[in-house]
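Student: Chains H and U are the protein sequences, given in the same order. Those letters in the first sequence? Residues 1 to 313, per this note's numbering, in order. Those letters in the second sequence? Residues 1001 to 1228, per this note's numbering, in order.
No lab work stands behind these hints, which were simulated from the structure alone. Incorrect hints may appear among the rest.
[To be verified] With beta-carbon atoms standing in for the labels, derived distance ranges:
#, chain 1, residue 1, chain 2, residue 2, range
1, U, Ala1195, H, Asn20, 25 to 31 Å
2, U, Leu1025, H, Gly114, 40 to 46 Å
3, U, Gln1168, H, Ile272, 27 to 33 Å
4, H, Lys68, U, Val1162, 34 to 40 Å
Positions of the beta carbon are idealized from the N, C-alpha and C atoms, including for glycine.
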Amino acid sequence: MERLLHVSSSPHVRDTVTTNNIMYDVLIAMIPAAAFGVYQFGLNSLLVIILTMAACVLSEYIYEKAMKRPITIADGSALVTGMILALNMPPEIPVWIPMLGGVFAIIVVKQLYGGLGQNFMNPALAARCFLLLSFSGLMNNFTASGIGFDSVSGATPLAMIRSGESVDLAALVIGRIPGTIGEVSVIALLIGAVYMLVKKVISPRIPLIYIGTVAVFLFLFGGFDPYYVLCEVCSGGLIFGAFFMATDYVTSPITPKGQVVFGILLGLLTGIFRLWGASPEGVSYAIILSNLCVPMIERVTLPKAFGKEGKKA
Amino acid sequence: MNKYTERIYNGIWKENPIFVQMLGLCPTLAVTTSAINGLGMGLSTTAVLVAANFLISILRNVIPGRVRLPGEIVVVASLVTVVDMLLEGFVPSIYSALGIYIPLIVVNCIILGRAESFAMKNKPLISAFDGIGMGLGFTIALMLIGAFRELLGAGTIFGAQVLPSSFQPISIFILAPGAFFVLSILTALQNKLKAPSATNGAAQKKGQITGCSGDCLHCAGHDQVKAE
């Protein structure tokens, strides 16, 4: 008996995936969109991205230090929150606004509810809505004096579609349009999405059902015009929201059936907000409202335990 | 401290209707968009509360126990109608700012709560003092919340510019969510400073409770219910 038997409780097979890996993969996946935003809108965007991430990490550190909790800034979740929030900002925003949003996201939405894994809605999106309600003028100002090209002016494509103007689909796909820093380029976002799908960080279920529902909804209620539907899908924050924000582990259902319900709910809400809401965009509100429904969705879609399938609950 | 001033101290600090008992949160959250609105709402409620406590206490041996709630509501509703008309006549700006929340004073749980738990069991004069204490506690709480929200959401207090004009108002604080933020932060501060609060049971002394202290576990009524 030279070798000791190693006794431990289950599970005996462990995956190498950790919170750190996942968070850094999400960060890497957002780099193309961020880089495109900086290239198109200029250096203020870079400043916004860096300072928002710094504000998130710093406020997490200070809060956990003050509350004598374990310091969790190394797991990258605060960085992801900061990045998502920054990419949701208009390019010419004064930097203190996203920084304030970062503090709100981390302290109010995440830490007050118990930290990573306990927040009931996506911190970055909650912060974005906080800022939208607080500084609506500055948050809806998409006039950019970017160095990338010179034809960027006021209205975003969604606002243009709404007022009946036609938009150039090619510009939408490449991203030569006004909008928030990270949402403009469909190609850059899809590169990141494919990276996450290949690394199995996210499953395609929620994003595809979400985007599909929006497309069907807008096709049915928006006048049976495929070109219009395509423009709607490629503009605004839909692609960004579907792949990067709706798939957040903490605030989306874990059951497969629940994810289907969640995706459909997101799609319906987004469609309703876009068609009949006061503002042309509705992705953020759709996602945080659906986040609130996740506990209910999970309760009704909970799979039966092994051996109890046939019985009534 | 004699028993009259004790009632006032009790209402303002020890059993503050908002910060300790967490009663009447609907008007608290809805009308405190500015300090002046909070003050107006607080004083209107105080007027009703003092008069209602006094009258109900006088009538406490006349009102049959089984219909005491309708009886109390009739008294309160008459008083609220008076206040409603007075406000409309003399301070129309406050009247229009408070809107539906003036008639809703009728169903304010602080007023019914004090009528039930204090005025029905005590003499008229001390009941009126209890009303003054609770009313002032309510007024101070509303004014504090209103002042914070106005300061952050508009940069002013009582309409006077306090913060420099370069300050960008955070308008969410004068919208509904801001009320929750401010109330929860103030309550968190209470707990931190060990002041009496709804969740800070240690600050409550057992056996001194006349109304609801918010601390249900150590409530005198809790033991009563068990005994029955």
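Student: Each hint should be assessed against the structure and marked as holding or not.
Tutor: Checked hints:
For Ala1195/U and Asn20/H, the Cβ-Cβ distance of about 42 Å falls outside the hinted range of 25 to 31 Å, so the restraint is violated. In this structure, Leu1025/U and Gly114/H break the distance hint of 40 to 46 Å, their C-beta atoms being roughly 24 Å apart. The hint said 27 to 33 Å for the Cβ distance between Gln1168/U and Ile272/H, and at roughly 32 Å that hint holds. Between Lys68/H and Val1162/U, the C-beta spacing of about 35 Å keeps the proposed range 34 to 40 Å intact.
When each numbered hint is compared with the structure, violations occur for hints 1 and 2.
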